[in-house]
Amino acid sequence: MATETTTSTSACVDASGGAIGMPQLCPDWFTNQIFWLVIALLAIFFVLSKIALPRIAAVLAERSGTISNDLASAEDLKRKAVEAEEAYNKALADARAEAQSIAAQTRAEIKADLDDAIAKADAEIAAKAAEGEAKIAEIRAGAMESVSEVAKDVAAEIVTALGQTADAKTVGDAVAARLKG
Amino acid sequence: MADATDSGVAFDFKPMDQFIVKPLGGSAGDPVSMLTITNATLWLGISVLAIIALFVLGTRGRAIIPSRTQSVAELAYGFVYKMIEDVTGKDAVKYFPYIFTLFVFILFSNFLALIPMSFSPTSQIAVTAVLGFSVFFVITAIGFIKNGVSFLSLFWVSSAPLALRPVLALIEVISYFVRPVSHSVRLAGNVLAGHAVLKVFATFAASVLVAPVAILGVVGIFALEILVSAIQAYVFTILTCVYLKDALHPHH
Amino acid sequence: MEGELAHIGAGIAALGTGLAAIGVGNVAGNFLAGALRNPSAAGGQTATLFIGIAFAEALGIFSFLVALLLMFAV
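Residue numbers (UniProt numbering), protein chains in the order written: chain A, 1 to 181; chain B, 1 to 252; chain C, 1 to 74.
Chain A with its partners taken away, still in its complex shape (with noise of 0.2 Å):
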């Protein structure tokens, strides 16, 4: 650089190729730098808002939506294991109560004949023991009966003997009079 001798046509550089004040604040680079940057922007948001950009967002909710169907399926494939076992316990469910049911189905029908066994056994028993005590009844008013007559006559027969004489009205009431006791 130090060689050249051509003299420099700018006045930022001086003649050794070196800077003259700073190079940033050179005007005559101005025009250039703003020329190219402009296009140079102008190319990188064409290429990137019109190929870019869309392409990744295009990723990007692909990816989003398949991950979201993965997870969706695999919720529906856990909601659908959620739902057989509800259906399994339902079942279960079911099948207990259906034999509780019976079970006390049975237990009643069983207890409705026995009750009416016991029933029956109770009336008849009761019918029993009231014949039992009808003809205890009718036993006990034949003896006493029985023993007034008995009475009676002895006392008729007592008098006789004692040799008196009575009627058979006064005979009577005395006995009677007597049993009342």
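Calculated directly from the structure, the hints in this document are not laboratory data. Hints may contain errors.
Subject to a maximum C-alpha distance of 30 Å in a straight line, what follows is the list of computed DSS-like cross-link-like pairs (lysine-lysine) [unchecked claim]:
#	chain 1	residue 1	chain 2	residue 2
1	A	Lys80	A	Lys90
2	A	Lys50	B	Lys199
3	B	Lys245	B	Lys94
4	B	Lys14	A	Lys50
5	A	Lys169	A	Lys180
6	B	Lys94	B	Lys82
7	A	Lys169	A	Lys152
8	A	Lys78	A	Lys90
9	B	Lys245	B	Lys90
10	A	Lys50	B	Lys245
11	A	Lys50	B	Lys82
12	B	Lys94	B	Lys146
13	B	Lys146	B	Lys82
14	B	Lys90	A	Lys50
With chain A held as given, fit chains B and C onto it using these hints.
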């Protein structure tokens, strides 16, 4: 500027020479007209090609399970998209291609400028001023188109006491018009500072005595510059989003 | 003589970059302190952190620019 040292090495500090624009294949000082293909044009073109390579060729497969380059492209897409959604709001998503263009251009220019002997477009005030002022004018236009005259309520802080409002309005107007300047100077200044410091450290490496320290310094500054390249692209983009939010929702 | 004064001015202007460093450190340090108190809220505030750092740093870059202008453009 160059002084002979004891070791006989003359440090020839020329940290600014790397920013000279010259015709491709020509030498510094050759005339540059608007259409001349210069070193700046070359590196802008390389940026464009690199962006096309990553975002068009890299996503060519459209794979559900992405390849390595495709996942990098998707990462950048998701990063900027989420930034716009978070900072500006859902209604700003239609400006996504513009903001994404700014982001990838600055990111790729910054990173490609770290290649030795390359030219860094984002260190040029002309370049960053075009970026910053175009953002400023476009966003101001959007603000007036969307909100009409009520866009001016951006400068009238209705939550402040009435007496303070004119003062605040003045400050708000000034800070609004400083925005494009700071927006562009921040980017250019960061890149320019990093490259100038790299050059100064590299110049020190000419002396055997300090060369180890200088080379370590170059390595350290280079690592810092990689970080700064990414952060400045991020900051430029997020500030664009913040300014856009002010234009879309000026009422605070 | 004028050139030497410009160099001294550039040195003084360069102090501004160091002051901006204090500002950036303030922002980052306070962010870290807040993030350690409430780590769950820290993730949502990184954007604010970077915006704050950018604003603090921009002013440092301005003084760096002034230094450069004094060095090379005056």
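Hints versus structure:
no.	hint	verdict
1	Lys80/A - Lys90/A	holds (15 Å)
2	Lys50/A - Lys199/B	violated (40 Å)
3	Lys245/B - Lys94/B	holds (13 Å)
4	Lys14/B - Lys50/A	violated (43 Å)
5	Lys169/A - Lys180/A	holds (17 Å)
6	Lys94/B - Lys82/B	holds (13 Å)
7	Lys169/A - Lys152/A	holds (10 Å)
8	Lys78/A - Lys90/A	holds (18 Å)
9	Lys245/B - Lys90/B	holds (11 Å)
10	Lys50/A - Lys245/B	holds (25 Å)
11	Lys50/A - Lys82/B	holds (21 Å)
12	Lys94/B - Lys146/B	holds (14 Å)
13	Lys146/B - Lys82/B	holds (23 Å)
14	Lys90/B - Lys50/A	holds (22 Å)
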